[in-house]
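Chemist: For the protein sequence lines, the chains are A and B, in the order given. Just so you know, this note's numbering puts 287 at position 287 of the first sequence, and the rest follows in order with no gaps. For this note's numbering, add 1000 to where a residue sits in the second sequence, where the first one is 1.
In short, the hints are calculated from the structure, not lab data.
Simulated pairs of lysine-lysine, DSSO-like, Cα-Cα distance not exceeding 30 Å: (1) B:Lys1121 with A:Lys61; (2) A:Lys130 with B:Lys1272; (3) A:Lys130 with B:Lys1242; (4) A:Lys288 with B:Lys1121; (5) B:Lys1057 with A:Lys130; (6) B:Lys1158 with A:Lys61; (7) B:Lys1175 with B:Lys1158; (8) B:Lys1272 with B:Lys1060; (9) B:Lys1057 with B:Lys1272; (10) A:Lys78 with B:Lys1272; (11) B:Lys1158 with B:Lys1172; (12) A:Lys231 with B:Lys1272; (13) A:Lys57 with B:Lys1158; (14) B:Lys1242 with B:Lys1172; (15) B:Lys1071 with B:Lys1057; (16) A:Lys78 with A:Lys231; (17) B:Lys1242 with B:Lys1272; (18) A:Lys130 with B:Lys1060; (19) A:Lys130 with B:Lys1175; (20) B:Lys1060 with B:Lys1071; (21) B:Lys1071 with A:Lys130; (22) B:Lys1175 with B:Lys1272; (23) B:Lys1172 with B:Lys1272; (24) A:Lys288 with B:Lys1242.
Over the 12 Å line for every Cβ pair with chain A, so calculated as not near, a few chain B residues: (25) Gln1066; (26) Val1068; (27) Arg1075; (28) Phe1077; (29) Gly1162; (30) Val1179; (31) Asp1204; (32) Ala1261; (33) Ile1308.
Where is the CB? At the ideal position from N, CA and C, for every residue including glycine.
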Amino acid sequence: MKAGNAFKAFKNQTAGDILFDIFNYLILILFTLSILYPLYFIIIASFSDPVAINNGKVLFKPMGFNTLGYQRIFENTKIWNAYGNTIFYTVVGTLINVSLTMMIAYPLSRGNFFARNAILFFVMFTMYFKGGMIPTFLWMHQLNVYNTRFVMLLLPAINVFNLIIAMNFIRNNIPEELYEAASLDGYSHIRYFLNIVLPLSQTIMIVLILYYGVAHWNEFMNGLIYLRDEKYYPLQLVLRAILLQMQASGLGDVDSIIEQQKAAELIKYGVIIVSTLPVLVVYPFLQKHFTKFALGGAVKG
Amino acid sequence: MKPKKPDVVKPALITRTKKALRRDYQLLLLCAIPLAYFVIVHYIPMYGVQIAFKDFKASKGIWESQWVGLKWFRRFFSSSQFWPVIRNTLGLSFLQILLGFPVPILLAILLNQVRNQRFRKFVQSVVYSPHFISIVVLAGMLYIFLSPRNGFVNTVIKFFGGQPIFFLGEAKYFKITFVLSGIWQHAGWSAIIYIAALAGISPDLYEAAEVDGANKWQRVWHIDLPGILPTIVMMLILEMGKVMNLGFQKAYLMQNAQNLAASEIISTYIYKVGLINAQYSYSTAINLFNNVVNIILLVSMNALSRRITQNSLW
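Please model the complete structure; the sequences and the hints are all you need to start from.
Modeler: This is how it looks when you write it as structure tokens:
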């Protein structure tokens, strides 16, 4: 049977089909390489001699292997402090995100909840009309949360897109009969939510943890606007100082920077690895979950 | 005219609400904290939007500050920054659509034709991954790989005998750098919706095509493309609704004094006017103008999408 199919598939290949396949694989391989190579290059460059990198000698393997960049990174308290902050924002922030999102996703998933449409409108309205940068900024000042760790947890506490994904998941995956049975057993909504909805929503909660977690990890703008003290800075703000501000200040004056930035060069590569590693390490294991709900927001509430 | 029967309807409504409340009050309870979040973080700042029509003074507060009508809007429309900022925003958006929109479609179609599942899964994993790299790291990588001194891209240009180009240091290269790096980062992720649409095409069509002796090019052209056309049209229309809504972070991070002529967009300008120059009212006015334009564009494009594809956001 199998051999027959294989033969059939082979027999049906015309010259056009073969050309298509060559063209197809070529494009996909090139696109894949264009993503893999830069990431690979940064890894090998982070272990190489900065002079070799500057001369364009580092292409496929590290040259003049050393760990100077990583040593400097490990010695740098600013980076570690920011790393700790980002871990805090990510862990505590995600915990808040998932709790609040599920708390409102469940009521909104109930078609016969009398306030459902009103609340859904109230929530979705904020996707389109916003107070904007300055009114929010002034209000956060007034609340006395400017330049605190709390503001980093407060502002992104619920994402409407993620809320809709969670709502649709509950609606489509937890049968209404379950609620009817539970309510016959005397379950209240809150007990049903805690004892039945949450355990059955593990899949979506993993997805929420991933989406929210990555957003916290990569968060830049709120830190830029709402934090003044370096001790509260998330990783991305420190990364920007290392990767971008140093370079932007030296534009045009190439020769003198080369000398100044030999060590700094290695730090740049190393810090990209150190900061991106957690995301890239969890990514392959969870990719299936990541992508499964990427379309969720396109479904109407 | 129908005779009204208020005395009958009203009590019924009240008892119904009461009954619903008794049944659903715990649902409301669950919503309470999340709703408080929306009020505090999203709705209260909307009250502050009025400073777009006032001369906001921190000492007086939002309410006590003087009304100035459309002063700030007039100032923005007549400022020398108005056209450059609008032009840069629209220019970037349209180039993004022109070059960036077809790539995920192409990618999805190519992936869909791959028979080897292992290879397909591998390519998918790789092309989705840059979506999760932070914008700061992306901007840093651009500086590294586009460096005129030792960046990979310029090494390739030099290898073919060209002159090194400082992509981030010249205004004329900013747009293309912005768009191509966006494709690199997001094309894979954006392909997901088309991959899903392709998966929804009936296998019967392919079998029939095979029987008819259609080759792969013909199958792509006559089955795949028509099959996902509604999705394509919907996505394109929704993209058009976002042309004035270009994100702050990437443009801001790629910006420097040398490329400012091309990289200053509405959102970065709002930030500078507001938080760097502390012209709160002026910044809020520009922000409000932008927000209203975005809503008008989105609503009209959404209506268009519903008309053409029977698909819409709401």
